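Fit chains B and C to the supplied structure of chain A, relying on the hints for placement.
Residue numbers (the working numbering), protein chains in the order written: chain A, 1 to 154; chain B, 1 to 373; chain C, 1 to 354.
Some clues are possibly wrong.
[Claimed, not checked] Below, a list of computed lysine to aspartate or glutamate pairs in the DMTMM-like style, where the Cα atoms sit at most 20 Å apart:
| id | chain 1 | residue 1 | chain 2 | residue 2 |
| --- | --- | --- | --- | --- |
| 1 | B | K303 | A | E65 |
| 2 | B | K57 | A | E148 |
| 3 | B | K296 | B | D62 |
| 4 | C | K155 | B | E14 |
| 5 | C | K199 | C | E121 |
| 6 | B | K353 | C | D321 |
| 7 | A | K143 | B | D62 |
| 8 | A | K89 | A | D35 |
| 9 | B | K303 | A | E22 |
| 10 | B | K353 | B | E14 |
Hints in this document: simulated from the structure, not taken from any laboratory. Everything numeric in this text was worked out from a predicted model, so none of it was measured.
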Amino acid sequence: MMNNEALKELINSWFPELEFWEEGSEFLNIEVAPDQLFALMRRLKEDEQSSFDYLYCLSGVDWGETLGVIYHLESTNHRHSVVVRVQTKDRDQPTLDSVSSIWYTADFHEREVFDFFGITFSNHPNLKRLFLTEEWEGFPLRKDYVDEINMIIK
Amino acid sequence: MEDTTVKSNFKSEEYFINMGPQHPATHGVLRLLLTIDGEIIKKVEPDLGYIHRSIEKMCERDSYQQIVHLTDRMDYLSANINNEAVCLCVEKALEMEIPERVKVIRTIIGELTRISSHCLWWGVMGMDVGALTTFFYGFRDRELLNDIFEETCGARLTMNYNVPGGLMFDIHPNFVSRVKEFITHFKTKIPEYDRLLTDNVIFHKRTKGVGVLSREDAISFGASGPVGRGSGYSCDVRKYHPYSALSQVDFNEAIRTEGDTFARYSVRIQEMWESLSIVEQLIDNIPEGDFRIPTKAVIKLPKGEYFQRVETARGELGVYIISTGTKSPYRLKFRSPGFSNLSLLNHIAVGGKIGDLVATMATLDLVIPDIDR
Amino acid sequence: MSSALSITGNIHDWLYGAMPEWAASLVEMVLIALVYLGIFAIAGLFLVLLERRIAAWFQQRLGPNRVGFQGLLQTMADALKLLSKELTGTNRADTFLYNLAPYFVIISSLMALSVFPFTQEFQAFDINIGLFFLIAVSSIGVIGILLGGWGSNNKYALIGAMRSGVQTISYELSVGLSLLTMVLLTGTLQLSQIVEVQKSGWLIVQGHIPAIIAFMIFMISGTAETNRAPFDMVEAESELGAGFHTEYSGMKFAYFFLAEFINMFIICAIATTVFFGAWLSPFGITESIPVLGVFWFMLKTMLLVFLMMWFRWTFPRLRIDQLLTLEWKYLLPMNLMNIVIMAVLVWLNLTIKF
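One chain only, chain A, in its complex shape:
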């Protein structure tokens, strides 16, 4: 078990340019650039000290200007947690690296994010619509999604 301070120091020693914060959240949050995502994630999983082997939540978020993914990680050995956030400014062709080769569970969760947010995950083994039909237009969980028939706005 490492506390947030120790985790921050450890991760900062690998990737110095990351942004850390703890305000408004119970976990240690890390902001990572899309090009460093995969390297950071693999390090977090494989390093003995961190060993974040359990990806328990993967959520896509639309922040208005940016689209991104939030990864909640936990270590089953040390029982410490960390939250990794990645975002991309490109709303037309958002592309992030897939982490499904690190955690198998990301396979389905990334497909869900692709389905609802339209974020493409490169190197994903089977990236296609999971819930919606192939011909569905738009990405429903984006904030700018409009469907005048099915959505009830109050």
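Quick look at chains B and C alone, frame taken from chain A:
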């Protein structure tokens, strides 16, 4: 790797078969695209979305009180635990001090919900491996629990008993005595379940060594609940992140190391005993006090991110709220146990027979609205 | 032909007295056919009701009890409902085979019914190869299932049909061999003669240990041959929907359904005839009232039917490879050993006779 099967000059041909969306073994509108060679499964590809209601999108426009009502339409078999998860998350964000009475009642009802869910699962599990009688035995005992729920809050399945700040009503005066009656009754019934199904030789043959999931894969696939614990992966949220009154009680985490279908089955049977024991410890000590502390009519969570993990009957449910300080969440994500558990189906079912797939799916205990949300 | 028909001598004599021989023979055949169709329909409907009531009893519920006294007319009502239902089918099904299949199944079970000695005087067709005829005819039914599964143009039906084929071919061996074990004891295949032999003790007593083993094997493989749980791979509703009859509706479905129950009755009736003395009463207590033979025959058969229903409502289903392992690796070698033991027993005259 050497192929040990008999070499044959006959060419076999793989073919596709659609299991579902209407199929007795998928327990709902799950569609599996199977690639089969004779009876042997080569690939399982789930196709989801037949009952997707986009609850997460609906949450973005609803108030926090309303969200609670949507959650029991997800995993309807552990509806009360889902309600509790959202309430706990909201209460955590508001930093509310919840009365002890509420915590204890929530835990009791949560554990009863777990038993009720496992009863239904046991009945259906038996039916999936061909023993039809189990279905009625499971439902017989589940009915008693539903009666207790009905008396408590007026609903039998989608209970909506929790509200942010406490409970909707106080418990019924008969609640304690009826729960005690149920405990005595159910203690004689679990051995009956064992006699009917667990100890059956054919059942052992059908389940042992079938659908084996290793511990590493279980963690990597994000398996939780009995599926993870059947693989020797200690993942009980009630132990690691206790909520409500669970830190006051003493119980064992049911764990089996084999990782096969029978291990997952045994874990659930063991869990019924553990839940009974939790209820037994709490039922006599429900503290006096308020059953709810009033909240504002419009709840506005402070800006920030809140995560609450609870253990439903299927595994770990996560409620992730991103709030910007308005009356509804900016983004609400449900990390549902069934979704992760389904993703490992292809991994463990390949190489088995059609009958194995059905038995394996039964022990994953999938509830489709939970996956489709 | 006429010598084989020993059903109620009086009618027989009267017919032959009143008509020329060919006409009498013809009328007699039609009469017998009608009687057996009646037995078939009533037994089928009654067994369905019995199954439902027994299932209800096992499952702590009531079962059908509203239509008629204790629900006796329930299955009749169901049959009428099925009769009025639309006969659906799939596109591009092999229509000829698809329509032919139910008749194969139902005719084979009807033919098998004809050789049973319900009582001394009540047997339509007492041929000297009775047992052989039974085994042969009862395996025609599987052709109907294969045709139905193939003709439906449905993959589930096809898997069910293939399972059925492999299952019936395997378990037929055990059915045949276990009956053959008993034939060693009786020295005849003719059913009336087999009953005659049992007047000095039922065969299960005469042949003691090997006979009991043979009986057990017969009941197991008989259950498998009728495709009932725990060997209902053919239907396996949680795996294949409804198996080979997925695409059948209305009366065609009812034919399959009825035939399944009649087959169960047939298997139990064979067991009664070969192991439990057919219509003979225990210790000859009602020997002076021959009509009661029917009662004893039905009582014994129904007890065995109950046993098979008990199997169905308590056991889980086997997997197809386990099903075949059970037959080829356990039942068949045991059966072959058993025949040798029985032969030695008969040779050394170690049977028990009263």
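Checked hints:
Restraint check: the Cα-Cα separation between B:K303 and A:E65 comes to about 18 Å, which is no more than 20 Å; the hinted pair holds. As the CA atoms of B:K57 and A:E148 are separated by approximately 14 Å, the hinted pair is consistent with the 20 Å bound. Taking the CA atoms of B:K296 and B:D62, the gap is about 15 Å. The hint holds against a cut of 20 Å. Pair hint C:K155 plus B:E14 holds up; C-alpha atoms about 12 Å apart against a cutoff of 20 Å.
Of the supplied pair hints, the one linking C:K199 and C:E121 holds, its CA atoms being roughly 16 Å apart against a limit of 20 Å. Restraint check for B:K353 and C:D321: satisfied, since their Cα atoms lie roughly 9 Å apart, inside the 20 Å limit. In summary, the hint linking A:K143 to B:D62 is supported, as the alpha carbons are separated by about 15 Å, within the 20 Å threshold. Between A:K89 and A:D35 the CA atoms are separated by roughly 13 Å; this keeps the pair inside 20 Å, and the hint holds.
A hinted pair counts as satisfied when its Cα atoms are at most 20 Å apart, and B:K303 with A:E22 qualifies at roughly 13 Å. Our distance criterion of 20 Å between C-alpha atoms is met by B:K353 and B:E14, whose separation comes to about 14 Å.
Figure legend: structure checked against the earlier numbered hints; every hint is met.
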